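Residue strings, one per chain:
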Amino acid sequence: MLGLMKRDLLVQRKRLWVMAVYCLLGPILFRSMGQAALVVVMVAVAYMMLLTAFAYDDKYKVDGTFASLPIKRESLVVARYLEIPVLSVTALLLYMLVTGLISPWIPGMFPTEVLLPVAAFLVVSLMSGLYLPIIYRYGYVKARIFNMVIFLAFALIPTAGLILGNAGGEITPPSWIANVSEGTAAAVLFAAAIVILFVSCLISIRMYEKRQF
Amino acid sequence: MQDVLKVEGLTKQYEDFTLSGISFSLPPGYIMGFIGANGAGKTTTIKLIMNLIDRDAGSIEVLGMDNIQNERAVKDEIGFVYDNAGYYEELTMEQMKNIISRYYSHWDEGAYKRNLKRMGLRGNKKISDLSKGMRMKYALALALSHHARLLIMDEPTSGLDPVIRSELLGVLQEAIEGGDCSVFFSTHITSDLDKVADYVAMIHDGEMIFNDAKDHLLENYRIVKGSKSHLERLAGYPLIGTDRHPHGFSALVSDGAAAARAAGEGLVLERPTLEDMMLYHVRDAAGVRV
Chain A
1 MLGLMKRDLL
11 VQRKRLWVMA
21 VYCLLGPILF
31 RSMGQAALVV
41 VMVAVAYMML
51 LTAFAYDDKY
61 KVDGTFASLP
71 IKRESLVVAR
81 YLEIPVLSVT
91 ALLLYMLVTG
101 LISPWIPGMF
111 PTEVLLPVAA
121 FLVVSLMSGL
131 YLPIIYRYGY
141 VKARIFNMVI
151 FLAFALIPTA
161 GLILGNAGGE
171 ITPPSWIANV
181 SEGTAAAVLF
191 AAAIVILFVS
201 CLISIRMYEK
211 RQF
Chain B
1 MQDVLKVEGL
11 TKQYEDFTLS
21 GISFSLPPGY
31 IMGFIGANGA
41 GKTTTIKLIM
51 NLIDRDAGSI
61 EVLGMDNIQN
71 ERAVKDEIGF
81 VYDNAGYYEE
91 LTMEQMKNII
101 SRYYSHWDEG
111 AYKRNLKRMG
121 LRGNKKISDL
131 SKGMRMKYAL
141 ALALSHHARL
151 LIMDEPTSGL
161 DPVIRSELLG
171 VLQEAIEGGD
181 CSVFFSTHIT
191 SDLDKVADYV
201 AMIHDGEMIF
211 NDAKDHLLEN
221 YRIVKGSKSH
231 LERLAGYPLI
241 GTDRHPHGFS
251 ALVSDGAAAA
261 RAAGEGLVLE
271 RPTLEDMMLY
281 HVRDAAGVRV
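So the sequence lines, in the order shown, correspond to chains A and B. Residue 7 in my numbering sits at position 7 of the first sequence, and the numbers go up by one each step. Residue 187 in my numbering sits at position 187 of the second sequence, and the numbers go up by one each step.
Calculated directly from the structure, the hints in this document are not laboratory data. Note that this is a predicted model, so its numbers are computed, not measured. Heads up, some of the hints might be wrong.
[As the list claims (entries may be wrong)] 30 Å max Cα-Cα, derived DSS-like pairs, lysine-lysine:
1) B:126 / A:72
2) A:6 / B:225
3) B:113 / B:132
4) A:210 / B:6
5) B:225 / A:72
6) B:132 / B:225
7) A:142 / B:117
8) A:14 / B:225
9) A:6 / B:113
10) A:142 / A:6
11) B:214 / A:72
12) A:59 / A:210
13) A:210 / A:61
14) B:113 / B:126
15) B:195 / B:6
16) A:6 / B:125
17) A:59 / B:113
18) A:72 / A:142
19) B:6 / B:214
20) A:59 / B:125
21) B:117 / A:61
22) A:61 / B:6
23) A:61 / B:113
24) A:61 / B:225
25) B:126 / A:14
26) B:126 / A:61
27) A:59 / A:142
28) A:61 / B:214
29) B:113 / B:125
30) B:214 / B:225
31) B:132 / B:117
32) B:195 / A:6
33) B:132 / A:59
34) B:126 / A:59
Chain A on its own, in the form it takes in the complex (with noise of 0.2 Å):
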């Protein structure tokens, strides 16, 4: 399963100067959004190069050379979903990095409340959790048109803000969140994040059993 996982960070290791560039310049462009910045960086990140992992795929043709391989289908599957919190975690730890380092001129980005990254988690996790099964359904080319769709509704809805309720830059958590402690509702949040990788990965491994090549 390591070994999975290394082999996309392998293949992508001269991307891995864009995700340092997002995640320096999003708090950047986006700091009218305050801490929610973090969740365009971390999609950004996160979703993005989970996607490039497929496009990879895709250009060179390897689904059917591992698909011949001595591993299980289920394991190829279980490996890309695997490394949704990795490269979440490693998105947050770079925006704090650069958050940190940026304050004494950009104040305010730094997250100070874990409710945030989990919110952001939470969102990578909805967007991949409804798009890694089309792709292993219908292939990384033909559910491209469903990521545009999921990426609009995304972009167009403020997730984190509907979360959240976060206006004009100013965490103000709905009522069902201000009702419980802040460790209680990251907590909720998490599970839920979880809860849907969790079931998204069982479709996926269903779909990618099926899957012809």
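Go by the hints and put chain B onto chain A.
Structure of chain B alone, referenced to chain A:
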């Protein structure tokens, strides 16, 4: 001795093509050539053996194991070389090997290095910089580095120059020398099989046309050429792909001696190549019959 590969009644139906219950088997230590025109069903058969597509009926056993129920164990015993094998071109051969090798329980790093050297490849070269011939050599080096008991090759020599084809065939012959490895080799370049195959199976339009030891095929099959009177005397005799012309005919027969007895004196018998056999059978299937 247990067959390395045993296929029985293998069927796969598509909207416009059906693989119709094909059967064959491959004993250990031999090379089987799998010939047929483009679209005959060679790649479909290989995909079914590798469980890359679902079969509709039939069975496939590799070393006595069902290829679906024991998928991982079966694939651990198979080395594959595809015409269009995909590798991450951003990586070097060494990096790609590191990704692939961990999944084989019998990976032999020493054998891999020897195979690269034998094929004149340097592991630090990027895959995107490899020519088609070098890619095939690389695929073969990988396939031969985990003590595979069965090599499955889908059109490995297609589009390669004669020198590289000859090199690859040489490597194949070396691979089976120990008697532990067998090769199932699909191609439409039948001259490659003239050199290395022990068995030849031909498929056309999803149906098995023949499947026999190459020497037996070449020993018995003949191209017969004769006059119209010869053709009349052969009425009812199973002629394959008969080509009529103003002065007589030519056709392929599966038993040259029997045809000569039936046609009488003057019938010309020529030893066919595998290509001749394929062409006559394809012509026959296209409906040119006596």
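Hints, verified against the model:
Of the pairs offered as hints, the one joining residue 126 of chain B and residue 72 of chain A holds, with about 28 Å between alpha carbons and a cut-off of 30 Å not exceeded. At most 30 Å may separate the alpha-carbon atoms for a hinted pair to count; residue 6 of chain A and residue 225 of chain B exceed this at roughly 64 Å. Between residue 113 of chain B and residue 132 of chain B the CA atoms are separated by roughly 20 Å; this keeps the pair inside 30 Å, and the hint holds. Using a Cα cut-off of 30 Å, the hinted pair residue 210 of chain A and residue 6 of chain B holds, with the two alpha carbons roughly 24 Å apart.
Simply put, residue 225 of chain B and residue 72 of chain A have alpha-carbon atoms about 55 Å apart, too far for the 30 Å limit, and the pair is violated. The straight-line distance between the Cα atoms of residue 132 of chain B and residue 225 of chain B is roughly 41 Å, outside the 30 Å bound, and the hint therefore fails. Proximity of residue 142 of chain A to residue 117 of chain B is assessed by CA-CA distance (about 41 Å); at most 30 Å being required, the pair is judged violated. Under the criterion of a C-alpha separation no larger than 30 Å, the hint pairing residue 14 of chain A with residue 225 of chain B is inconsistent with the structure, at around 65 Å.
Distance hint between residue 6 of chain A and residue 113 of chain B is fulfilled; the C-alpha atoms sit about 23 Å from each other, no more than 30 Å. Between residue 142 of chain A and residue 6 of chain A the CA atoms are separated by roughly 26 Å; this keeps the pair inside 30 Å, and the hint holds. For the given pair, residue 214 of chain B sits about 37 Å from residue 72 of chain A by alpha-carbon distance, which is inconsistent with the 30 Å threshold. Taking the CA atoms of residue 59 of chain A and residue 210 of chain A, the gap is near 21 Å; set against the 30 Å cutoff, the hint holds.
Of the supplied pair hints, the one linking residue 210 of chain A and residue 61 of chain A holds, its CA atoms being roughly 18 Å apart against a limit of 30 Å. Restraint check: the Cα-Cα separation between residue 113 of chain B and residue 126 of chain B comes to about 16 Å, which is no more than 30 Å; the hinted pair holds. As the CA atoms of residue 195 of chain B and residue 6 of chain B are separated by approximately 24 Å, the hinted pair is consistent with the 30 Å bound. About 20 Å separates the Cα atoms of residue 6 of chain A and residue 125 of chain B, which keeps this hinted pair within 30 Å; it holds.
Restraint check for residue 59 of chain A and residue 113 of chain B: the C-alpha separation of about 28 Å stays at or below 30 Å, so the hint holds. At roughly 24 Å between alpha-carbon atoms, residue 72 of chain A and residue 142 of chain A fall within 30 Å of each other, so this suggested pair holds. Only pairs whose Cα atoms come within 30 Å are accepted, and residue 6 of chain B paired with residue 214 of chain B is accepted, the gap being roughly 18 Å. Straight-line distance between C-alpha atoms of residue 59 of chain A and residue 125 of chain B comes to about 20 Å, which keeps the hinted pair within the 30 Å bound.
A C-alpha spacing of about 27 Å is found between residue 117 of chain B and residue 61 of chain A, which places the hinted pair at or below 30 Å, so the restraint holds. A hinted pair counts as satisfied when its Cα atoms are at most 30 Å apart, and residue 61 of chain A with residue 6 of chain B qualifies at roughly 29 Å. This hinted pair checks out: residue 61 of chain A and residue 113 of chain B have alpha carbons roughly 26 Å apart, not beyond 30 Å. Pair hint residue 61 of chain A plus residue 225 of chain B does not hold up; C-alpha atoms about 48 Å apart against a cutoff of 30 Å.
This hinted pair checks out: residue 126 of chain B and residue 14 of chain A have alpha carbons roughly 14 Å apart, not beyond 30 Å. For a cut-off of 30 Å, the pair hint linking residue 126 of chain B to residue 61 of chain A stands: about 17 Å separates their Cα positions. Between residue 59 of chain A and residue 142 of chain A the CA atoms are separated by roughly 13 Å; this keeps the pair inside 30 Å, and the hint holds. Between residue 61 of chain A and residue 214 of chain B the alpha-carbon distance is near 35 Å, which puts this suggested pair outside the 30 Å criterion.
A distance of roughly 14 Å separates the Cα atoms of residue 113 of chain B and residue 125 of chain B; the hinted pair therefore holds under the 30 Å criterion. For the hint linking residue 214 of chain B to residue 225 of chain B, the alpha-carbon distance of about 22 Å falls within 30 Å, and the restraint holds. At roughly 18 Å between alpha-carbon atoms, residue 132 of chain B and residue 117 of chain B fall within 30 Å of each other, so this suggested pair holds. A hinted pair counts as satisfied when its Cα atoms are at most 30 Å apart, and residue 195 of chain B with residue 6 of chain A does not qualify at roughly 43 Å.
For the proposed pair residue 132 of chain B and residue 59 of chain A, the alpha carbon gap of about 17 Å is at most 30 Å, so the pair holds. A hinted pair counts as satisfied when its Cα atoms are at most 30 Å apart, and residue 126 of chain B with residue 59 of chain A qualifies at roughly 16 Å.
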